[in-house]
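Student: Below are the chains, spelled out letter by letter.
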Amino acid sequence: MLLIPCPWCGRRDESEFACGGEAHIARPADPDAVSDAEWADYLFMRTNPKGAHRERWVHVHGCGRWFNVARHTVTHDISAAYKVGEKPPGDAS
Amino acid sequence: MREQSHRLAEGGRIDRATPLRFTFNGRRYGGFAGDTLASALLANGVSVVGRGVKYHRPRGIFSAGSEEPNAVVQLETGAHTLANARATRVELYDGLVATSVNCWPSAEYDFAAALGLLSPLLPAGFYYKTFKWPASLWMTYEAVIRRAAGLGRAPDGPDPDRYDKINVHCDVLVVGGGPAGLAAALAAGRTGARVILADEQNEMGGALLDGHDEIDGAPAQDWTAEAAARLDAMDEVRCLPRTTVFGYYHHNFLAALERVTDHLGPQDAGVLPRQRLWRIRARKVILATGAIERPPVFAGNDRPGIMLAHAARTYVNRYAARPGRRAVLFTNNDGAYRAALDLRAADVEVAAIVDTRPEPTGDLPAEAESADIELIAGHAVVATHGRKRLSAIEVMALGDGGGQVSGEARRIPCDLLAVSGGWNPTAHLFSQSGGRLRFDATGACLVPAVAAQATRPAGAGNGTFALDGCLAEGWAAGAAAAAEVGSRARGRAAKAPGATVTPEEPPGDYGVVPAPGHPEGGPKHFVDLQNDVTAADIALAAREGYGSVEHLKRYTTLGMGTDQGKTANVAGLAILARLGGTDVAGTGHTTFRPPYTPVTFGALAGRDVGALSDAARRTPMHHWHERAGARFEDVGQWKRPWYYRHPGEDMAGAVERECLAARNTLGIMDATTLGKIDIQGPDAAELLDRVYTNAWSKLEVGRCRYSLMLGEDGMVMDDGVTARLGRHHYLMTTTTGNAARVLAWLEEWLQTEWPELRVYVASVTEQWATITLCGPNARRLLAEFTGDVDLGTQAFPFMAWRAATVGGIAARLFRVSFTGELSFEINVPARYGLGLWTAFMNAGEKYGITPLGTEAMHVLRAEKGYIIVGQETDGTVTPADLGMDWIVSSKKDFIGRRSLGRTDTARPGRKQLVGLETEDAALVLPEGAHLVENPGQEPPVPTIGHVTSSYHSANLGRSIALALVKGGRGRMGEAVHVALEGGAARAVIRDPVFFDVQGSRLHG
Amino acid sequence: MADAYLRQSPLAHLGLAARAAIPPEDIEGTEAGVVLCERPARHQIGLRGDARRPAFRAAVKGVLGFAPPAKATTAAGGTGLPRALWLGPDEWLVVTDDDDAATVADLSEALARQHAHVVDLSDARAVIGLAGAGARDVLMKGCTLDVHRRAFGPGRCTRTLLARAQVIVHQITQAPDYDLYVQRSFAEYLWAWLEDAGTEYGVRVTA
Amino acid sequence: MAKGAYSIFSLVRNALRYHEGWPRAWRSPEPQPAYDVIIVGGGGHGLATAYYLAKEHGVSNVAVLEKGWLGGGNTGRNTTIIRSNYLWDESAAIYDKSLRLYEGLSRELNFNLMVSQRGVINLAHNLHDMRELARRVAAIKLNGIDSEILAPADIKAMVPILNVSPEARYPVLGASLQRRGGTARHDAVAWGLARAADARGVDIIQNCEVTGISREGGKVTGVETTRGSIKAPKVGVVVAGHASVLAAMAGLRLPIDSYPLQALVSEPLKPVIDSVVMSGAVHVYVSQSDKGELVMGASIDNYNSYAQRGSPHVIENMLGATVELFPIFSRLSMMRQWGGIVDVCPDASPIVSKTPVDGLYFNCGWGTGGFKATPGSGFAFAHTIAEDRPHPLNAPFSLERFTTGALIDEHGAAAVGH
Ligand SMILES: Cc1cc2nc3c(=O)[nH]c(=O)nc-3n(C[C@H](O)[C@H](O)[C@H](O)COP(=O)(O)OP(=O)(O)OC[C@H]3O[C@@H](n4cnc5c(N)ncnc54)[C@H](O)[C@@H]3O)c2cc1C
Ligand SMILES: NC(=O)c1ccc[n+]([C@@H]2O[C@H](COP(=O)([O-])OP(=O)(O)OC[C@H]3O[C@@H](n4cnc5c(N)ncnc54)[C@H](O)[C@@H]3O)[C@@H](O)[C@H]2O)c1
Ligand SMILES: Cc1cc2nc3c(=O)[nH]c(=O)nc-3n(C[C@H](O)[C@H](O)[C@H](O)COP(=O)(O)O)c2cc1C
Ligand SMILES: [Zn+2]
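Protein chains in written order, with this note's numbering: chain A, 72 to 164; chain B, 55 to 1058; chain C, 299 to 505; chain D, 9 to 426.
Keep in mind that the hints were calculated from the coordinates and are not lab data.
Keep in mind it's a predicted model, so treat the numbers as computed, not measured.
Please note that the accuracy of each hint is not assured.
[To be verified] List of simulated lysine to aspartate or glutamate pairs, EDC-like, C-alpha gap at most 16 Å:
(1) D:K227 - D:D44
(2) D:K75 - B:E604
(3) B:K1020 - D:D97
(4) B:K946 - A:D112
(5) D:K278 - B:E604
For reference, chain A alone in the conformation it holds in the complex (with noise of 0.2 Å):
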């Protein structure tokens, strides 16, 4: 039973909570300059890590907000949470 930080909120139980699985998949700007291979990607292609992973979450029974989560899919630690268009922490690029 997760206890999951909403940047806005605060810790709210898992049950408040959907999960929208892996973040920082960007859509193609022009999906017609994909090939289907591409598209295939950005539409099914998940990195589904064992580890840490960073992850898309909405509090549907709270500010209502998306929001990413960095986590790991083990032992569950979320090491962070943080808003969409923020940098995951620790990421340079």
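Go by the hints and put chains B, C and D with the ligands onto chain A.
Tutor: Using the frame of chain A, we list chains B, C and D with the ligands on its own:
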């Protein structure tokens, strides 16, 4: 009712002033308040309480706690029955009825005991090796196996009790109310921290309730009472007796089961629930869960009368029940000597103490010797006797290293053998939390090593077995946990409670106790008493290659019973380790999983059952529909009128009547459940452009447009009409089932992908009641209610909307139609929905106004070839498949567009929406039926499509159907076969629009 | 405006008014640890906008007398009306008295030249009052929020899940005393749930 | 009969010798430096692949590398339901092949897998469910697979303890039944296949984790493991929840997310339910094992996880629905709960496919429902590896379908409209 033959004259924590009656296996007995069923049975001299699951050997009470493997009973009867109650944890109440499980005709005489003779044929996993021939008979064998397996019986009726659930947050959760837990709770509680102390027993005190310890110079039980009282007086401390913390999940979330009224029996508990599930979010957790004594594994160790030493001590001290008259103690450690001393003090003759250690030199052995108890050191029990109760044991000398026995066997008559092989810290919750255990070679046990969460083990649960250590560790843990959450005590510094303890020597070796003869041939050495797993089974598993602890468990079922191997697992691991020349550090252990003890399904379901199992969403007009005879259908959580049944009518009749009324005069429909989303902002049209397939910039204020919404995979996700309310203001409608999903979809794209768009969206579904008037008389009736808007076709054309006053209510009128009739959708604030509906019904009587259910609506729209998302679509259908290319803009990007160009998605010959006309006009095809080329073919018969919608159309006087058919649009006029039960029907592929192809009614 | 007889509050059909009229001494079981009521006459307005923009704050303040609260999970306006409940960083629920139906027009007007969202939601949600000594425990039976007085007090509000319904919880006073806002079609379910969860403490219905 | 063969006679014979004569069910060999084929993952699918490689294709110089204990993945933690009543022809073909293999497998493997064709009942709770069910049953029948529709009264007759009251919040309006569906003993499937594969020369190497996939010029050359490098020109990866982890070792990404899927057992009971009952709408599936426990599964926890456990509210919700369906279960108790890591594809269908890397094959994406496919999947995958091209059974389940859009959507209808 008999005398309580084994009841001590005095002592114990029972209330002799409150005698209780109970029945076990049909016989009546007496006990006292404060007894458990087990202690009361022992007090009455009952020895056989059940039978082993496999060999059906008689079994007696083995422990005094949650770890009980044997005394599993059926409690009560009928709907109140409990299938597998542990007698050691059932508090006695007046009138209790219990029976043994899994034996016939009784626990005393069980026919299946004959299976014991077959036992050589039933080693671990025997069923994998046989019953394969003939294959046809396996189901028969299986039925027999199934009847023989299983313990208790399920109730025969729905549960008469209620269950509760509550969430709670705390700074410090202390699990276990023994000395360590009480000290922890006191230390944390005095800081003002929010503390919860839970213990599965009926009172706090833990092991202190079973003995004669002293704390701070006073009897420990007085200290316990005082500690409990002090905790009760602290505002922020909550003590939960009868509450088992059974699961330790992620992020310090723990679940506990409180047995609120179980101890009162199946009487009317009034307003109280039977059990309450506590869902606890703790900042810090202290696990003071104590330890479980483990049995030595020796030949014939399963007979009634053989019991854990600490349990024997508990029965005499706490319950004043004598588990036997003449006892022998069999141990490898000092601690168990306390049992001998206490038994002796309770007038149980202690015939001898058999200690596997060659020279026990500790204070406790010395005390026993000075009490004139015979000490037989360096010996082991090698056999036991007695049929339904132990009558004697045999002991032999252990050779060097303890690997074998030698010399003469000495027979000692006794009816109680109290056994101890040392202690296992109750590390279940610690391990569940993700914490790592380490094997402690001295104690031969697994102890908490590395915590994974904010967890502190303390006391015996942490391998600290001496009382003074338990108190100190508990106190320190409580103080530290409180300090970590920023809670500090004000006032005088307080001191941890202290105790003086008799030191103990380290325990002796732990493993299988040898017996003479072939190790696999003689009497069985039971390891798991509940599942009848023996040391030989373990050896067999290892021999056959099932040597990892997980394979061992699954192959032998070791530790898979209702006790989850609390007394068996470590013994099993030790045996396996020895076979492999390693120790438990080498074998590892199986995974500890919730629940610590079994948890009632009802409690986990809580009050989410019956009428509260899920919200039933109803529109403001619902009760009117009910009174009008509506049958409802579930659409998501909504209840929608399906059809209105008049007296004497069947469904078909009702639907026909409704359909005809809508086409011929006037229908009225409750469309409140359609999703409505208010969209505002300068970029609103841009948003619509991006989420819908068609273009929005040119839509004028006052007009509406129909569209499709696709998933990014190009498949149709939703459809609906959106109206332009103002320059930057739109109202989107969605299907009932997708209302929440579409709103969430818009929010997601706006927040995550297009934050630059200046648009806000909000659900207004529930703000409005929506009434649809449709049919030739719709305009006429509506005109009676509104004066401020011209309803004429010129002024108010199809696909327009107007603000208007309807019946005095500020409303929005939409000229949209799902039935193909002249139709107005009237939105009024929900509070007026019922009033306006009723007014329409009254005023519309002269037109024969007829309420339409969803079924009639579906027929009417099918006549027009309109799709229903979720019926004509299934997540694999594109706009082109539906023949709706006309709605797909090629001039802009929108969600899902790119996917439409993929090779398979753009492939010709995909399944396409068409109409079907059966040759037999009376035949209504079943929805879901498949179209085939050649019905006579042997399976597999390839399908070329399926019927998505099919009805009898009263307006057309024949059946109609829609279907998705491979290459369908290219096959107009072709005949196809529809595979049906017992044959096939012929139908012709046609355009999906069956009625008013020109749309004159719609526009009229 | 429509005739009053046409109006139906979300829970009108439950006959709560009649139950509220029963004198407490006639109700079985003496103590009522949980007091429930429907608050039928609340004007509710959905408001969205950028709270960082002074113009937005000023416009709202001009109508309500106070700016929308910028602090997460708090309400502005005290125990009286109007109030503005923070729902999200750009979202509030403005609550006024039902007679004060002008507010929606006033807010729309005041924000007409800005990018903001004003929508009348008076009928979209029912408002249930929950008070009494057992109120907090009843909430905890269906809600994972920490409503302990150290964690949640008067003036705090948030959207959350209560049983199987999304609600807005607003604590009004220390008593504690809560307003629960729930979607209209979930109101009957939630009411039944509250009564069931409150059984243990005794439930009284008030006007 | 071969030495070590299992039968009632060998049981009697061994009983006389205190069961000391039983041989190991499978060897525990040291890894060789090279094999013809390496199978990564010692779950049911991996073992079946090895078994059929040896049996059908004569390729027995095969190693199955398992990081833990064989059968310890989802094979060892699933709710054991086997059936083949799938909607699309492609699915029906592979699942029914599997069910037919199961029907003869106990004897073929000389290991009782306790295949119990007690019937699988899928409940429908609303008109939309009913429509879907009719479509499904009709499709299944055309594929020659047994399937029938039950009315509430028929269901009640088969499962008397089911609540079919029309007053229930989600009333039972009907059901489909596949009589050939049922359960099989999960552990036995792994063990039986392991024993048979071992007997045909396959090396089953436990406690050997693959940590890298070696490639040269776009071709596989072997694997790196915790027990050293092992060479092979062909590597088949069958690691279920860990598919993405292995894919990453080969520089690939897959259309897969790994989620926790939870299950639980009740305390053992005398028989109360003879068939398997499933309800997709309320996310419940229940059967009773031969040992007497009720075995139940929930829906997935919807976040990526490799933790083999999930959140308790998923179980609470599932039990709420279960108690609604089976009111007499309310007083029974949960004895143990656990989770697995399921590999979920966007279309809820598997990937049994070649990959862009020569000699590297993936079999994954079976998600919440691949136990029933164990033999069929192994059969088809063995063919794919041996022949370096897919068997017709698994050709539709290629990786390319995510590019072309030819998904095989087994979610059932996506939405309820109007
Ligand atoms: C709770 C639950 C209930 C289910 N119920 C059903 C059901 O009723 N019916 C049904 O048909 N299906 C069901 N399933 C799905 C089914 O269990 C799986 O689809 C199927 O068992 C997968 O088998 P497998 O052999 O592919 O995977 P697994 O059995 O998971 O085997 C994969 C193996 O790969 C190993 N591995 C991983 N990484 C490495 C590495 N780097 N090196 C070496 N080895 C590695 C793992 O240790 C594991 O043993 C259920 C699943 C779960 C979790
Ligand atoms: N001499 C020995 O060998 C020996 C061995 C073990 C224990 N002891 C004695 O036992 C005592 C140990 O003290 P302690 O406080 O560590 O343990 P304890 O056994 O006194 O108390 C533990 C309590 O935790 C409860 N509990 C366990 N798991 C629980 C759960 N999941 N949920 C709720 N309650 C749970 C138990 O019912 C028990 O009341 C000391 O007095 C010690 O001397 C002695
Ligand atoms: C079909 C099935 C039946 C099971 N029956 C039992 C059982 O009777 N007793 C038990 O303790 N565990 C039972 N389990 C659960 C296992 O003990 C174990 O939890 C599961 O295989 C997952 O492994 P893990 O808990 O070691 O991670 C069963 C598991 C399955 C898949
Ligand atoms: Zn939030």
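Student: Under the constraints set out in the numbered hints, which ones does this structure not fulfil?
Tutor: Numbers 4, 5, in rising order.
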